[in-house]
Each structure stands twice: as C-alpha cells, then as structure tokens.
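Number of protein chains: 2
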Amino acid sequence: MTNAGPQTAHDHAAPPPDAAAAPGGARDLLLAAASAVMREGDLVDISLSELSLRSGLNSALVKYYFGNKAGLLTALLDRDMAEIVRSVDALVAKGDMAPQDKLRHHISCCIDTYYRYPYLNRLLMRLVRDSDDAEARRIADKYLRPLSRAYDQLIGEGVKSGVFRPIDPQMFYFTVSGAADRFFSARLVLRHCFGQDSLTEQLRDRYREHTVDFIMAGILAD
Amino acid sequence: MTNAGPQTAHDHAAPPPDAAAAPGGARDLLLAAASAVMREGDLVDISLSELSLRSGLNSALVKYYFGNKAGLLTALLDRDMAEIVRSVDALVAKGDMAPQDKLRHHISCCIDTYYRYPYLNRLLMRLVRDSDDAEARRIADKYLRPLSRAYDQLIGEGVKSGVFRPIDPQMFYFTVSGAADRFFSARLVLRHCFGQDSLTEQLRDRYREHTVDFIMAGILAD
Numbered sequence: 001m002t003n004a005g006p007q008t009a010h011d012h013a014a015p016p017p018d019a020a021a022a023p024g025g026a027r028d029l030l031l032a033a034a035s036a037v038m039r040e041g042d043l044v045d046i047s048l049s050e051l052s053l054r055s056g057l058n059s060a061l062v063k064y065y066f067g068n069k070a071g072l073l074t075a076l077l078d079r080d081m082a083e084i085v086r087s088v089d090a091l092v093a094k095g096d097m098a099p100q101d102k103l104r105h106h107i108s109c110c111i112d113t114y115y116r117y118p119y120l121n122r123l124l125m126r127l128v129r130d131s132d133d134a135e136a137r138r139i140a141d142k143y144l145r146p147l148s149r150a151y152d153q154l155i156g157e158g159v160k161s162g163v164f165r166p167i168d169p170q171m172f173y174f175t176v177s178g179a180a181d182r183f184f185s186a187r188l189v190l191r192h193c194f195g196q197d198s199l200t201e202q203l204r205d206r207y208r209e210h211t212v213d214f215i216m217a218g219i220l221a222d
Numbered sequence: 001m002t003n004a005g006p007q008t009a010h011d012h013a014a015p016p017p018d019a020a021a022a023p024g025g026a027r028d029l030l031l032a033a034a035s036a037v038m039r040e041g042d043l044v045d046i047s048l049s050e051l052s053l054r055s056g057l058n059s060a061l062v063k064y065y066f067g068n069k070a071g072l073l074t075a076l077l078d079r080d081m082a083e084i085v086r087s088v089d090a091l092v093a094k095g096d097m098a099p100q101d102k103l104r105h106h107i108s109c110c111i112d113t114y115y116r117y118p119y120l121n122r123l124l125m126r127l128v129r130d131s132d133d134a135e136a137r138r139i140a141d142k143y144l145r146p147l148s149r150a151y152d153q154l155i156g157e158g159v160k161s162g163v164f165r166p167i168d169p170q171m172f173y174f175t176v177s178g179a180a181d182r183f184f185s186a187r188l189v190l191r192h193c194f195g196q197d198s199l200t201e202q203l204r205d206r207y208r209e210h211t212v213d214f215i216m217a218g219i220l221a222d
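Which chain is which? The protein sequence lines are W and E, in order.
With the working numbering, letter number 98 in the first sequence gets 98, and the count goes up by one each step, no holes.
With the working numbering, letter number 199 in the second sequence gets 199, and the count goes up by one each step, no holes.
You may find that some hints are simply not true.
One copy or two, it doesn't matter: identical chains are merged, so the pair holds either way.
[Said to hold, decoys possible] Once the Cα atoms are required to be at most 20 Å apart in a straight line, the calculated SDA-like pairs of lysine to any residue come out as: (1) LYS142 to GLY195; (2) LYS160 to ALA217; (3) LYS142 to LEU190; (4) LYS142 to ARG187.
Read the hints as simulated data drawn from the structure, not as lab findings.
Okay, chain W solo, but in the shape it has when bound:
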C-alpha cells in the first residue's frame, strides 16, 4: 500500500464543490463516518458507497483527500493512534502522580479507547500486513515504538520504586491491550451467545471496573 496522504492529493487537484461547502470539515467528516460504520458493523472495511451515504458527502472526496480507500484507512489509523500516543506520553511525563495511579488511569483509558474504536487493533494489524516495508516501518516508528517506550518507563518506574512486582513491560503490554481489545472485538459473539451487545455503556463500565481491578491486583507488590 502506498501512503497516499491528503497533502499529496491536495497539491495536485482542485477541491471538488462538496469540499468547499464544508471547509476543513469534509475530511474529518469522512473519517468520522468511516469510524462509525466500522464500529457499528464490527468490521475493518468500508465501501465507498456506504461512506458516501453515511457522511452525506460525494465519494469523490475520498480520492481528493486520501487518494484511495487504503489512504482513508491509514488516515483513520493515524487519527486514532496519534491521540493515544499523545495521551499516554502526557500521562507518563506527569511528575506528580504515583506509578500505580498512572497505570490505573491508563488501563481505564484503554477500555474507553477500544469501546470507541473497537476496530483499532484489527486495523493496525491489517495496515501493517498490507503495507510495504517503508509504511510498516512508519506505523511502527510513529505508534508502536512510542507506546513500547512508554510502557518501559511507566512499568519500570513502579518496579524500581517497589510498588509493582518485577514485570516485563513488553509482555505486560500484550496482557493489557489483549484484555481490553478482546471484549469489544468479541461483540458479535456476545450478541449471538448471550443476547447482549458489548457496546453498551453499562457493559463497558463493568468491564472497565473488572479490568482495572484485575490488572492492578496482578501487578501490585504485596
């Protein structure tokens, strides 16, 4: 997949009429519509006609802003992951917060993130898989390595000060993100098996409470 970014398209084409009607907003609208459709359908794909229907915008705007559908999916990953990396970095940098409070807050945010973007992990896998080496490296450098560094720091701090048991931060990353992701990516299973939809706020809150409690019990030193 080539990383057909909006800048590239911008430089070479005049904006179509719809874009002018929603200045600055059409791009965000398309991303929001793609996000909503994938969240509701529990899928990591979208048809351009569905996107057009949902956003009320001409699907030619996808070509204008993103080059093609792959570019749109990359832009969506960038939108969602940049927000996560920013907030995790800010949390780790906080000087006046104990490691256990930072971690509690972080786990809580993970649950909220996967509730909002249940497709996120699968989108990440898909884009890493389908991309050429340069783009896969860009995704790794921009999102995965910073998160990995943040875990090193956050967990390392707590281990060093003795509030956490000695835990491998990289292994721990898979425990946390797997537990958080699994619940919301198993939505169809929940629906078919237990007659409930995991995307209710009530279930999210229950799972958040369970996960924060469970993981903190697993990591805190006695």
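Guided by the hints, dock chain E onto chain W, whose structure is given.
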C-alpha cells in the same frame, strides 16, 4: 453460510481417486494444510490452489469433503474448538485437583493453543459473523456456552473455597483469552517493530510464564 458437512457430501458423491489413495486421511490432511497455511501467513483465509499445493491433494477434494471453502473453515473450527472444549471439561471434572492448580494448567494450555492455532479467535469471529442465525447458534451452543459454563464452575469453585478473590467468571474469560490471543495475533507487529517472530518456542515459553504468573497474581486471594 450453510453447514456443508462431510457427511452430506459423502452420501451423494463417489470419492475421487485421491481420497481412495489416502483412506480416512485426506480430510485430515486438508485441514492440517489449511491450518498450517493460515498459521504461517497470519491470516484467516486460504486459496484452494494454495491448499492443493500445500497438501499435495487435488482441490476437488475440498468440494467432496467440505462442500466449499466455507465448509472447510467450519470444519477447521470444529476440529480445533472440539479439542479445547473436551480438555477444559476434563480439567474441570477432575476431583483431586485444587482450583488454583486447574487454573494454572488451563492458562498454560491457552497459550499453547493460541501458539498452535493463532488464527483461532479470528476464525471464530469470522464464522459467527458470516453465518446465518442457525449456524451461529450451533457454534455458540457447541463451543462458547460450554466454555462459559466451565469458567463459571472453575472460577466459582475457587471463589467459594476462598482461594480466589471474587471475580466475575465471564469477564475473566475475556481477560484470559484476550491476553493469550493478543500476543500471537500480533505476530506481524512484533516482526516489523521488534525484529522478532512470536511463533518461536522460546517466546511462547516466556509469554506463557508471564501470563500464568500475572493472572494467578491477579486472581489469588491474599
């Protein structure tokens, strides 16, 4: 998806020559080849030509044994999930084993299962999503509900006897299977970001040790 099983096909067609050459074994060979291809490619799909190349068998045998590719995928899910449900049921039924030892053993098995069948959870989601209601219900009744009951019993026993903290068994199921699954389904990410392949036995063993240790610390009462 219709559940085109081998029995149905068997009743209506004479076995092609290849099948006769590998009596009883061709069906298993096809499933093993599909499993290996999906494991190595980190994908939940397979082309019939790839399957034929890998198994050394004529792809017409897929039609004979499974009806079509969807039938093959269903049969693979059945093969892998039946094994899991059987062993979890046997574990829960053991009268002479403490709940914490049962759980330790179970988590260990989960890691081994996802190491062997890293596609399993995604295959399950895909088949539940793509199936009609009757088939989704069959999958739920045969695999998901039994696992759910086993968790109720296994965790409930330990909570009752006081060795486990009070934990919701259903929420706990997502914690365990998410943590176990995530590591191996993130293989491409590991490869691109950290230059390592999670499907080595060494990494499996490290992740198994981490996961058993972490989850037991999270559930054991003080």
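Quick rundown of the hints versus the structure:
In this assembly of identical chains, the alpha carbons of LYS142 and GLY195 lie at most 20 Å apart only when taken from different copies (16 Å versus 39 Å within one copy). When the C-alpha separation of LYS160 and ALA217 is checked against a cutoff of 20 Å, the pair qualifies both within a copy, at 18 Å, and between copies, at 19 Å. Taking the shortest alpha-carbon separations for LYS142 and LEU190, only the inter-copy value of 15 Å comes in at or below 20 Å, while the best intra-copy value is 33 Å. Taking the shortest Cα distances, LYS142 and ARG187 sit within 20 Å of each other only across copies (18 Å), while inside one copy they are farther apart (29 Å).
Hint compliance for this structure: no hint is broken.
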